[in-house]
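Participant: Chain by chain, the residues run as shown.
There are 2 protein chains.
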Amino acid sequence: MAAVADEDSLRRALAQKQSSIDVQGGAVRQLKSSGAAKLDIEAAVQALNALKLEKASIESQLQAALAGAAGGGSSSASRDAFRQAVVNTLERRLFYIPSFKIYRGVAGLYDYGPPGCSVKSNVLSFWRQHFVLEENMLEVDCPCVTPEVVLKASGHVEKFTDLMVKDEKTGTCYRADHLLKDFCKEKLEKDFSLSAEKAAELKHILAVLDDLSAEQLGAKIKEYGITAPDTKNPLSDPYPFNLMFQTSIGPSGVSPGYMRPETAQGIFVNFRDLYYYNGNKLPFAAAQIGQAFRNEISPRQGLLRVREFTLAEIEHFVDPQDKSHPKFSDVAKLEFLMFPRDDQVSGQCAKKLQLGEAVSRGTVNNETLGYFIGRVYLFLTRLGIDKDRLRFRQHLANEMAHYAADCWDAEIESSYGWIECVGIADRSAYDLRAHSEKSSVALVAQEKFSEPREVEKLVITPIKKELGLAFKGNQKMVTEALEAMEEKVAMEMKADLESKGEVEFHVCTLGKNVTIKKNMVSISKEIKKEHQRVFTPSVIEPSFGIGRIIYCLYEHSFYTRPSKAGDEQLNVFSFPPLVAPIKCTVFPLVQNKKYEEVAKLISKSLTAAGISHKIDITGTSIGKRYARTDELGVPFAITVDSTSSVTVRERDSKDQVRVDVEKVASVVREVADGLSSWADVLKMYPLHSSETAEE
Amino acid sequence: MAAVADEDSLRRALAQKQSSIDVQGGAVRQLKSSGAAKLDIEAAVQALNALKLEKASIESQLQAALAGAAGGGSSSASRDAFRQAVVNTLERRLFYIPSFKIYRGVAGLYDYGPPGCSVKSNVLSFWRQHFVLEENMLEVDCPCVTPEVVLKASGHVEKFTDLMVKDEKTGTCYRADHLLKDFCKEKLEKDFSLSAEKAAELKHILAVLDDLSAEQLGAKIKEYGITAPDTKNPLSDPYPFNLMFQTSIGPSGVSPGYMRPETAQGIFVNFRDLYYYNGNKLPFAAAQIGQAFRNEISPRQGLLRVREFTLAEIEHFVDPQDKSHPKFSDVAKLEFLMFPRDDQVSGQCAKKLQLGEAVSRGTVNNETLGYFIGRVYLFLTRLGIDKDRLRFRQHLANEMAHYAADCWDAEIESSYGWIECVGIADRSAYDLRAHSEKSSVALVAQEKFSEPREVEKLVITPIKKELGLAFKGNQKMVTEALEAMEEKVAMEMKADLESKGEVEFHVCTLGKNVTIKKNMVSISKEIKKEHQRVFTPSVIEPSFGIGRIIYCLYEHSFYTRPSKAGDEQLNVFSFPPLVAPIKCTVFPLVQNKKYEEVAKLISKSLTAAGISHKIDITGTSIGKRYARTDELGVPFAITVDSTSSVTVRERDSKDQVRVDVEKVASVVREVADGLSSWADVLKMYPLHSSETAEE
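These protein sequences, in sequence, are chains A and B.
If you count the first sequence from 1, position 628 lands on 628 in UniProt numbering, and the numbers rise without skipping.
If you count the second sequence from 1, position 326 lands on 326 in UniProt numbering, and the numbers rise without skipping.
In short, the hints are calculated from the structure, not lab data.
Here the structure is a predicted model, which is why all the values come from computation and not from measurement.
There may be inaccurate statements among the hints.
In silico PhoX-like links for lysine-lysine, alpha-carbon gap of 20 Å or less [said to hold, decoys possible]:
1) A/Lys101 <-> B/Lys517
2) B/Lys465 <-> A/Lys281
3) A/Lys488 <-> A/Lys518
4) B/Lys327 <-> A/Lys604
5) B/Lys190 <-> A/Lys614
6) B/Lys600 <-> A/Lys438
7) B/Lys333 <-> B/Lys281
8) A/Lys457 <-> A/Lys387
9) A/Lys488 <-> A/Lys525
10) B/Lys101 <-> A/Lys152
11) B/Lys281 <-> A/Lys327
12) B/Lys152 <-> A/Lys600
13) A/Lys518 <-> A/Lys472
14) A/Lys614 <-> B/Lys327
15) A/Lys624 <-> A/Lys614
16) B/Lys190 <-> B/Lys52
17) A/Lys327 <-> B/Lys614
18) A/Lys472 <-> A/Lys488
19) A/Lys327 <-> B/Lys465
20) B/Lys614 <-> B/Lys594
21) B/Lys169 <-> B/Lys187
22) A/Lys465 <-> A/Lys528
23) B/Lys517 <-> B/Lys500
24) B/Lys465 <-> B/Lys448
25) B/Lys438 <-> A/Lys101
26) A/Lys17 <-> A/Lys190
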């Protein structure tokens, strides 16, 4: 907030200084044209130059203030450079490859190359272990091709849109909000002549950008004279573009379909079968890992905003009257950065909260939601996400769907800013109700009472004969309106009829009031016995963008360090063994038959122990071979420099220990599988002096 | 073949009998109309009836012969009943679910429910272990959305089609070949008045069905008067329908894209990067697991012919001059059913061959292809495919693409007949060349020679001045034609020019002969030094239809056996532990706190050992609980009937052994992980007498 106040006063100072310059400039011109004395003119010019210097100084203060506010410490340029270094390494080592590269690619589509594919598969199998197996979730696997009726029910056909504008001459499409956002940011960052009032206006637009209607966006684009970025041509009015890839199922052309925008709908439509499979018991969770699609108007932000991505979604179905969670105590003590709605509105920062307190104070709506927040925190940090660059941000009222009870995003800080990577939403009964209505199949749960319960029920009995006499052709509509009365209205009518004998009653379908007499309807409350309660379950949905998590992990794991000779910077990915694409490399120190034999023997034991590894028997220097594997994030390297014992090197500390050939596979397995730590290994085995190490 | 000869003579006998009946019927009518004696008429009628009886007997012989030929032993009705039993069990236990069932589904789309999802994930992780890890393959993961240019290069835009006909009134679409096939089969099976000649014609059509052009198909449909099956309306002429799901990438509508029909193209377009990643060395293989799509005209055959499916594909790149494989000896001794091209053409059956011999005799084109055939055999049989219902069928000449060097399908016998589940093709350099041409990026490999090699090279030098004088405006075309001569043609010309001084030479681009004289061109051979050889690698492609393999596995694993009381048939899936969706169940024998505690203790040890399992503490009888898990194919059940030792039951034998509580998790882990067999367990632990077992 301090930075903003600064910025404001600096903009005002700048405007003042500019008007002083204008005045002084005028004075100089006047002196010159009136043929004043040379000395006087010189003095006036000097004063003008002094003012200009002062203006320049304020400008650079403003520049610094803006950079500070935007970057949270690091400058935008240094963040770009860092990202470039990460992305270069990722692309050079084939963690990912722009898809269809030899055909100059397609924006927003990327391949996972061999190490990236391995990281992804490690992340997914840890996800399965941490969520599906741990909680006995029911995993399903549904197709990507989805018929229109399903996505009409879910609301995607109508609402899964972005506002788009077209270059009126070339037809090139742009996201309307992106253009307005870019314009405002550019102005704020680079236009020092901007008045403080104008700056405040642009900032307000940035804050409410997501809430602007097509008309409002269009008006602003017109007002600011924003044109197509590439051609400067005029732009069309904004209109909604549906972000689903559309296709046609079967040959007839009459069955529209879409590539699913999320995996969740496949679970909702199967609710009835899954509930039965679970023995008709709540709560239970279903889960799905799979591809989802989003036909972005113009993808930006590299690997973060793509047109096809892997989602891992959980739908936890729960009784809306009981959202407690039996295992909540397992996570209640966790403390991490949370960013509740109120703190965002009042301009505070995210702060460390204890999860148990956040739930008991009502900051987080319920225990089950809280439980998943805690489990997501554990999942992400165990993968290697830096806990200081991870926060849980609550949705603001305007961000949340009307039906949602509460919603928190796990956001990870990257060079692009804070990125939503996991959404954890209590979606209430919305989705099941929507599909129930559209399909006419009841998606409900039953709670069987251990013994029948007595329930007071409202009974409204219209007396058809009297109503017919009184209302003739309108009888049916009056009858229906009477039957549809809510309890409160009905009980008021009952009281009025008893005291006054008749009452005015508004019938919507007739659009007028009618007079209801005492003999036309009987209203009473009766006690009934019920054996079960039937209800639509609430669903709590943690939804993981796997590609985004992996990209943030790359940024959090990347660092550089000087080579031994100090002549170059070497890249390292400090992946934990859990996600490292390869757990271990095996090098003979020099090319030598005996050492190669030992290396192959060790490789066999590693295979038997299930540790993915690679042998490198090229004659390259050991230092270069270490550098190569550091860049792939391989945590351990075994170097064969004798036939009896070998060295094991840890990637980040570069510490080496000496271990017997027979033992080395099991030592590496223990640290790679997380059964022991590198510190444990250091205690157990002698540190290897680096004399033979070429590093 | 015997059945066919039978059928033929039976049809002839039937035709003869019919004409005898016609003659005798005429005789009866004549006797009646001429008022013959009653006894004479009766005798004639008796003779007619005798003939009719004989005809009926021949008809039933024909019926039997047809059923025998079609069913290979089991009747079509019993195969349908078996399939229905399997499919009912699969659907009831949620191995799979028709997708979007509450909206009445979409033909050809299925979900994997919880146990099916688990089987699939087991099959895929075994695939990764058996192929990717074992051979150090480079796994990649590419998007499903694919731009048109890629699928134009691969030929899919032009050729990935089926021929379709439309009901001319309702617009309903059918596959043209399916209608013709159904017509021929129906006629052959049910029309006993068919002449032997007509039967032979229909059989010929069935044999060549895949080779018929749109015109030929259309002519046959007209000739036989085939109409729309549902409405009997007339049909349109057949025309090609592209089976790819089409979509549009981005908002402009000018970038057509398709959902990939196979995963292979994603690998081919990355060849250059992958080759570099592999240190510029051949051979190497890349692999990919992912969704593929096929917009079937009218899907049939349930889970076998679907519109979206998981493929696992390997592209093994190899020097076309050296297709040997260093590990071929590992599989050379394997013997299994093979069905070479020649045996198919000469009407023989598949027979057992030794793989090593099949390669050395040239039946299988090369060692690398043979190696993968062997590895596929091991993969499928380890999953639980019955080796007697698995055969490798070589493609006939008319089935194979013109560029393919050889191609074998792993076919599995199911209730639908022999089903292609894995294709193993040597596709030569076709795919890389196609993408090289279309993208103008060289997708080639280099073989660096250890020392430069001397290569004799043809050098053709046209003498432009003389050619210009002789051919004026045609000079350029003559020059180009000379330069383009192949070695043989050039050396003949050289000889002719030396002996005769001139020679007639055909210039294609001019469409005529010209006379070339000795002074117009110099032809020689020179020795040049080359440091490397540049070539397009061949690719050997094993491609696995994962869903088909799983469905066949379900059929091969399914059997029924009577319940103990003998009052019902119980279903069992005899999955090997490797693919079983759950490895083990844990039951307390009776509902009892102490037993439940023991069960939970065992569950914890099983979790620690990484064995997927389920506790069932419902009060259901132990027999019913066993039946429930047998139906899911759970191989082992632990029943807690004391606090010190428990019983372990094997699913198929129903044998039980008694094991100490502390040891039971490790015993189950050993058999579930395949480290020991159930026979080993029987030797180690006392058989449990079934007195307490309720089964």
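Participant: Against each hint, give a clear statement of whether it holds in the structure.
Facilitator: For each hint, the structure was consulted:
{"no.": "1", "hint": "A/Lys101 <-> B/Lys517", "in the structure": "50 Å, violated"}
{"no.": "2", "hint": "B/Lys465 <-> A/Lys281", "in the structure": "95 Å, violated"}
{"no.": "3", "hint": "A/Lys488 <-> A/Lys518", "in the structure": "18 Å, holds"}
{"no.": "4", "hint": "B/Lys327 <-> A/Lys604", "in the structure": "16 Å, holds"}
{"no.": "5", "hint": "B/Lys190 <-> A/Lys614", "in the structure": "63 Å, violated"}
{"no.": "6", "hint": "B/Lys600 <-> A/Lys438", "in the structure": "43 Å, violated"}
{"no.": "7", "hint": "B/Lys333 <-> B/Lys281", "in the structure": "29 Å, violated"}
{"no.": "8", "hint": "A/Lys457 <-> A/Lys387", "in the structure": "53 Å, violated"}
{"no.": "9", "hint": "A/Lys488 <-> A/Lys525", "in the structure": "12 Å, holds"}
{"no.": "10", "hint": "B/Lys101 <-> A/Lys152", "in the structure": "16 Å, holds"}
{"no.": "11", "hint": "B/Lys281 <-> A/Lys327", "in the structure": "53 Å, violated"}
{"no.": "12", "hint": "B/Lys152 <-> A/Lys600", "in the structure": "45 Å, violated"}
{"no.": "13", "hint": "A/Lys518 <-> A/Lys472", "in the structure": "18 Å, holds"}
{"no.": "14", "hint": "A/Lys614 <-> B/Lys327", "in the structure": "19 Å, holds"}
{"no.": "15", "hint": "A/Lys624 <-> A/Lys614", "in the structure": "15 Å, holds"}
{"no.": "16", "hint": "B/Lys190 <-> B/Lys52", "in the structure": "18 Å, holds"}
{"no.": "17", "hint": "A/Lys327 <-> B/Lys614", "in the structure": "19 Å, holds"}
{"no.": "18", "hint": "A/Lys472 <-> A/Lys488", "in the structure": "28 Å, violated"}
{"no.": "19", "hint": "A/Lys327 <-> B/Lys465", "in the structure": "94 Å, violated"}
{"no.": "20", "hint": "B/Lys614 <-> B/Lys594", "in the structure": "18 Å, holds"}
{"no.": "21", "hint": "B/Lys169 <-> B/Lys187", "in the structure": "26 Å, violated"}
{"no.": "22", "hint": "A/Lys465 <-> A/Lys528", "in the structure": "27 Å, violated"}
{"no.": "23", "hint": "B/Lys517 <-> B/Lys500", "in the structure": "9 Å, holds"}
{"no.": "24", "hint": "B/Lys465 <-> B/Lys448", "in the structure": "40 Å, violated"}
{"no.": "25", "hint": "B/Lys438 <-> A/Lys101", "in the structure": "13 Å, holds"}
{"no.": "26", "hint": "A/Lys17 <-> A/Lys190", "in the structure": "18 Å, holds"}
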